[in-house]
Amino acid sequence: TEQRRHHAAIAHTQTPPAGAREQPDRRSTRSVAKPSFCGLREPCCVIVHPSQPQRGRIPRLAMATTAKLWTRLAANAAKKTSPRVINSGQGAYLTIDGREYLNFCSSHYLGFALEPRLKAAAQNAIDVHGLGTGYRTLSGTHALHVELEKRLAEFKGTEAAVCFTSAYAANASAVQTLLGKHDIVVSDQLNHASIIDAVRVAGVKNKFAYKHSDMADLEAKLQEARELQKTPKPDGEHPLILIITDGVFSMDGDLADLPTICDLAKKYDALTMVDDAHGEGVLGKGGRGVVNHFGLEGVVDIEIGSLSKAFSVMGGFIAAKQPLIDHYMMNARQRLMSIALTIPDTAALLEAVTMLGESEELVEKLWGNVDYLKKGFVDRGFDIGHSETPIIPVMIGDEDKAKAFSQKLFEKGVFASPIVFPMVPRGTARVRVIVSASFSQGDCDAGLKAFEEVAAELR
Numbered sequence: 001t002e003q004r005r006h007h008a009a010i011a012h013t014q015t016p017p018a019g020a021r022e023q024p025d026r027r028s029t030r031s032v033a034k035p036s037f038c039g040l041r042e043p044c045c046v047i048v049h050p051s052q053p054q055r056g057r058i059p060r061l062a063m064a065t066t067a068k069l070w071t072r073l074a075a076n077a078a079k080k081t082s083p084r085v086i087n088s089g090q091g092a093y094l095t096i097d098g099r100e101y102l103n104f105c106s107s108h109y110l111g112f113a114l115e116p117r118l119k120a121a122a123q124n125a126i127d128v129h130g131l132g133t134g135y136r137t138l139s140g141t142h143a144l145h146v147e148l149e150k151r152l153a154e155f156k157g158t159e160a161a162v163c164f165t166s167a168y169a170a171n172a173s174a175v176q177t178l179l180g181k182h183d184i185v186v187s188d189q190l191n192h193a194s195i196i197d198a199v200r201v202a203g204v205k206n207k208f209a210y211k212h213s214d215m216a217d218l219e220a221k222l223q224e225a226r227e228l229q230k231t232p233k234p235d236g237e238h239p240l241i242l243i244i245t246d247g248v249f250s251m252d253g254d255l256a257d258l259p260t261i262c263d264l265a266k267k268y269d270a271l272t273m274v275d276d277a278h279g280e281g282v283l284g285k286g287g288r289g290v291v292n293h294f295g296l297e298g299v300v301d302i303e304i305g306s307l308s309k310a311f312s313v314m315g316g317f318i319a320a321k322q323p324l325i326d327h328y329m330m331n332a333r334q335r336l337m338s339i340a341l342t343i344p345d346t347a348a349l350l351e352a353v354t355m356l357g358e359s360e361e362l363v364e365k366l367w368g369n370v371d372y373l374k375k376g377f378v379d380r381g382f383d384i385g386h387s388e389t390p391i392i393p394v395m396i397g398d399e400d401k402a403k404a405f406s407q408k409l410f411e412k413g414v415f416a417s418p419i420v421f422p423m424v425p426r427g428t429a430r431v432r433v434i435v436s437a438s439f440s441q442g443d444c445d446a447g448l449k450a451f452e453e454v455a456a457e458l459r
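If you use the numbering used here, the sequence shown corresponds to residues 1 to 459, in order.
Mixed in with the good hints, there may be bad ones.
As the list claims (entries may be wrong) - Computed Cβ-Cβ distance ranges for the label pairs, DEER-style:
#, residue 1, residue 2, range
1, 123, 338, 22 to 30 Å
2, 216, 413, 41 to 49 Å
3, 86, 425, 46 to 54 Å
4, 298, 459, 50 to 58 Å
5, 124, 83, 26 to 34 Å
6, 238, 411, 56 to 64 Å
7, 130, 364, 35 to 43 Å
8, 79, 141, 38 to 46 Å
9, 127, 238, 48 to 56 Å
10, 427, 224, 46 to 54 Å
11, 269, 217, 16 to 24 Å
12, 138, 395, 49 to 57 Å
13, 411, 78, 37 to 45 Å
14, 131, 375, 30 to 38 Å
Simulated from the structure, these hints should not be mistaken for lab results. All C-beta atoms, glycine included, are put in the ideal place defined by N, C-alpha and C.
Given the sequences, and given the hints that come with them, work out the whole structure.
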């Protein structure tokens, strides 16, 4: 009771007389609450001082909010799963906890991860130039970077190329640097997460997703996009339409229908962008990619490439006509605000491009293994979907059974990953096999035998 009287007395002293006009503090339009402690342990009242920020006490609400965050994170940590730790190079076999496992789950299609020529090129570059680089716009553009971009453009049959530290960054740059929020994206429903994120980063509001590889649905979406395009943007220009697709879809191993996509792009005045992460080093003449595979050099506007799969190093790139590459070089934030590829990475990549230009032997060996394994799976009664590439989905269906299948394979010395929801729709779980030129026929036979044994055990 005494405390309530005390509060009331202080509140009364802060109330202006009847009829008086309160004079605002014109130094600030913001009212900030300042607690008055009055000798008590808790604030007894709040007096408004417009020009003084609140100091000292942290609001209880904020403390409760952050406490809840840490509680949620701790609960999620209990569900954490850790990847298997590799103690070897990424060859045909991986060493895990002292045991060798047949490597059916790495995207090192050509076996370059352990290629002596790439290792020697990296070591020689370290001896001459050291390790690190810098920002490309300051002191980080090395002669090796310039040479790599020139060689990649020649390899891809484009006018120019620009490199990034990952294909994820290349995808983000390709979209964000070219499009604004009033432009239009038309994207395959099964495109890789890096493409989805690239569109989000760009802030594009007008987004259409067409049914996977359904060209009739793509045309329907382009018709809607064309109607939107008739309304000018705030700057008076009409919106760009960009069709984006994976070249190879990594869950099923099927190819985009690029010839039809390019025909529709021409019909509806759209640009085309292809993420060829799983086509580099695999498809086309000497591994030049999916665009070369379909004979569409100079027709596809933007090609995204990965340097960490078939090339087995790290990084990504955009290949396109010179004016567009110049635009990316001057404006792509993922290039301007990030470090360049390291010296050894760049040297190893140059050697990989050199090797692919010298011979098609590794690409041919890869496809020999692909054909052998696909026939082996089909002959043993496995459903491998509609794969057209070294990605072979061994269809299981049930999520738990796919996980159990993968675990039993691992116990038999074969490392092949289960692919389950949300990576694929429910009921379409599979064990994904990725083929490499580094496999011998004996390796392929060992893998097929393990699959056959596990299938019998789980039947």
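Tested hints:
1. 123 to 338: 22 to 30 Å: Holds, at about 25 Å.
2. 216 to 413: 41 to 49 Å: holds, 46 Å
3. 86 to 425: 46 to 54 Å: violated, 30 Å
4. 298 to 459: 50 to 58 Å: holds, 52 Å
5. 124 to 83: 26 to 34 Å: holds, 32 Å
6. 238 to 411: 56 to 64 Å: Holds, since residue 238 and residue 411 (Cβ atoms, about 60 Å apart) stay within the stated range.
7. 130 to 364: 35 to 43 Å: Holds, since residue 130 and residue 364 (Cβ atoms, about 37 Å apart) stay within the stated range.
8. 79 to 141: 38 to 46 Å: holds, 44 Å
9. 127 to 238: 48 to 56 Å: holds, 54 Å
10. 427 to 224: 46 to 54 Å: Taking Cβ atoms as reference, residue 427 and residue 224 lie about 30 Å apart, which means the hint is violated.
11. 269 to 217: 16 to 24 Å: holds, 19 Å
12. 138 to 395: 49 to 57 Å: With a Cβ separation near 51 Å, residue 138 and residue 395 satisfy 49 to 57 Å, so the hint holds.
13. 411 to 78: 37 to 45 Å: Roughly 26 Å apart at Cβ, these two residues miss the hinted range, so it is violated.
14. 131 to 375: 30 to 38 Å: violated, 45 Å
Hint compliance for this structure: hints 3, 10, 13 and 14 are not met, and every other hint is.
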